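Protein chains: 2
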Amino acid sequence: MHIGFIGLGNMGAPMAHNLLKAGHQLSVFDLNAAAVENLVGAGALPVDSPTAIAQGNAELIITMLPAAAHVKGVYLGANGLIAHSRAGVMLIDCSTIDPHSAREVAKAAAEHGNPMLDAPVSGGTGGAAAGTLTFMVGGSDADFDRAQPILAAMGKNIVHCGAAGNGQVAKVANNMLLGISMIGVAEAMALGVALGMDAKTLAGVINTSSGRCWSSDTYNPFPGVLDNVPAARGYSGGFGSDLMLKDLGLATEAAKQVRQPVILGALAQQLYQSFSAQGYGGLDFSAIINQYRKDT
Amino acid sequence: MHIGFIGLGNMGAPMAHNLLKAGHQLSVFDLNAAAVENLVGAGALPVDSPTAIAQGNAELIITMLPAAAHVKGVYLGANGLIAHSRAGVMLIDCSTIDPHSAREVAKAAAEHGNPMLDAPVSGGTGGAAAGTLTFMVGGSDADFDRAQPILAAMGKNIVHCGAAGNGQVAKVANNMLLGISMIGVAEAMALGVALGMDAKTLAGVINTSSGRCWSSDTYNPFPGVLDNVPAARGYSGGFGSDLMLKDLGLATEAAKQVRQPVILGALAQQLYQSFSAQGYGGLDFSAIINQYRKDT
Numbered sequence: 001m002h003i004g005f006i007g008l009g010n011m012g013a014p015m016a017h018n019l020l021k022a023g024h025q026l027s028v029f030d031l032n033a034a035a036v037e038n039l040v041g042a043g044a045l046p047v048d049s050p051t052a053i054a055q056g057n058a059e060l061i062i063t064m065l066p067a068a069a070h071v072k073g074v075y076l077g078a079n080g081l082i083a084h085s086r087a088g089v090m091l092i093d094c095s096t097i098d099p100h101s102a103r104e105v106a107k108a109a110a111e112h113g114n115p116m117l118d119a120p121v122s123g124g125t126g127g128a129a130a131g132t133l134t135f136m137v138g139g140s141d142a143d144f145d146r147a148q149p150i151l152a153a154m155g156k157n158i159v160h161c162g163a164a165g166n167g168q169v170a171k172v173a174n175n176m177l178l179g180i181s182m183i184g185v186a187e188a189m190a191l192g193v194a195l196g197m198d199a200k201t202l203a204g205v206i207n208t209s210s211g212r213c214w215s216s217d218t219y220n221p222f223p224g225v226l227d228n229v230p231a232a233r234g235y236s237g238g239f240g241s242d243l244m245l246k247d248l249g250l251a252t253e254a255a256k257q258v259r260q261p262v263i264l265g266a267l268a269q270q271l272y273q274s275f276s277a278q279g280y281g282g283l284d285f286s287a288i289i290n291q292y293r294k295d296t
Numbered sequence: 001m002h003i004g005f006i007g008l009g010n011m012g013a014p015m016a017h018n019l020l021k022a023g024h025q026l027s028v029f030d031l032n033a034a035a036v037e038n039l040v041g042a043g044a045l046p047v048d049s050p051t052a053i054a055q056g057n058a059e060l061i062i063t064m065l066p067a068a069a070h071v072k073g074v075y076l077g078a079n080g081l082i083a084h085s086r087a088g089v090m091l092i093d094c095s096t097i098d099p100h101s102a103r104e105v106a107k108a109a110a111e112h113g114n115p116m117l118d119a120p121v122s123g124g125t126g127g128a129a130a131g132t133l134t135f136m137v138g139g140s141d142a143d144f145d146r147a148q149p150i151l152a153a154m155g156k157n158i159v160h161c162g163a164a165g166n167g168q169v170a171k172v173a174n175n176m177l178l179g180i181s182m183i184g185v186a187e188a189m190a191l192g193v194a195l196g197m198d199a200k201t202l203a204g205v206i207n208t209s210s211g212r213c214w215s216s217d218t219y220n221p222f223p224g225v226l227d228n229v230p231a232a233r234g235y236s237g238g239f240g241s242d243l244m245l246k247d248l249g250l251a252t253e254a255a256k257q258v259r260q261p262v263i264l265g266a267l268a269q270q271l272y273q274s275f276s277a278q279g280y281g282g283l284d285f286s287a288i289i290n291q292y293r294k295d296t
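Residue numbers (the numbering used here), protein chains in the order written: chain A, 1 to 296; chain B, 1 to 296.
Looking at chain A on its own, in the form it has when it is part of the complex (with noise of 0.2 Å):
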């Protein structure tokens, strides 16, 4: 198939790249050029704009970019993808943004008779990289139907979440709790630590009790207790702090939208700003724990 892509990004990048590998063609747009070569060397054709690449022959249309603004300025307009889209292109949002905007561009590509599916992901780079990403996607069941087979080029999981902007729903809720996890794990490990508890004993306390969760059976952030996560390589790699800020504060503007209280998140999302304030936003979000221990 013809696909057009649009952010050739961290995660943009490599997912272009596993598009390529299972043999469809594609033409490509970023405003840096380094990762447009990139994409070039490998077999992707070079377009000017995303308005080109609308205009173009692409059947498919993805995006991967960095906040809703993008995606706005992308989908929307006199210059935008849909306004130059011919009707029936499908058009697949899989940046992260709020549901409200989600939802917006998704009735702007519907009343141009683009279907549309928003169809955030989760992995991370490595994720993207080894084609791995979990897929939560919003949008009609034939739509689905028709973006799966490109979808699982790029991933293993593909989670059809219900109507339009419910791909965004899924995966602020999910990221949400996450960072709730994190620190609510963070906080038990230090405080049995400070108690004079052993952190790999506590921890596997907690992973075979009600305390159990991915934060601590997978992900834990006390160094020592689990190889080959970010706790055991200083906090580098993984999923960044400031990633999972951007996140929370999605959930907390999504929340507000509909009045909807978020208490721990709100608090959450305070955290994760005070922890990215002090300068550790690059860091892996697990290291928010390093607030928590006296000795680092």
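These are calculated hints, taken from the structure and not from any lab test. Values in this document were obtained by computation on a predicted structure and should not be read as measured data. Not one of these hints is a red herring.
For identical chains, the list gives no copy identity; a pair is met inside one copy or between any two copies.
Distance condition first, Cα-Cα at most 25 Å in a straight line; then the derived BS3-like pairs of lysine-lysine:
#1 K156 x K200
#2 K200 x K256
#3 K256 x K294
#4 K294 x K200
Use these hints to put chain B onto chain A, whose structure you have.
Frame of chain A, contents of chain B only:
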């Protein structure tokens, strides 16, 4: 073995029954005569006071009491278990109390020549009746090994958490994390549904993603997601909100003693305090989700 058992409440009574079933001889005491009668009907010997239990022939004495004040009252002082126990008689306190008090009592026992373990449980009244409790045990290796077969008559997982007090440390750390996780799941589920997502679909995404936790995949608070949980029966049964509030109080108090910040833990304590103040302390702790839903 001849065992003394003090405290025949909702947890202690079924635990004592399981010791009788395992063939042990039991001397029992409780302030509630009906509770004593019930055990006597099953073959236990009634004794007039904790002091008399200590003065008897029990080789091992188990206590299951509501709070630290009761534990100190029963163990310490001129009429206490420790003052009247023969040297070598093992003392096991299964109450959930703060680690500091547990260590104070264990120290007094050691000075009197009595090995002592703190062994708080999780698993609730159902686990107590079925003999499937988890025991989190603090004390020496040798004492743990000696007590293990006795505890195994009442529980399934007998976990050695380290030296005296560490059973309590494991329990307060785990249950603080549990309280945080439950509120986090409540907020994430309520947010996702308020933003238009189906509760069961959202739980499915969370349970296969990084938000996965016991409070979501085993005990989900949103009605209709799981069968056989309190959310499926009006939040009756289960683990009462006032018991969660007690454990969060122990966690924040223990944290205060070692100047350990527990920011989400403290807020979780306040949220359960607010829930209890509104008259809902008798509902299962997953009912906290009702504070986040418009239609409840």
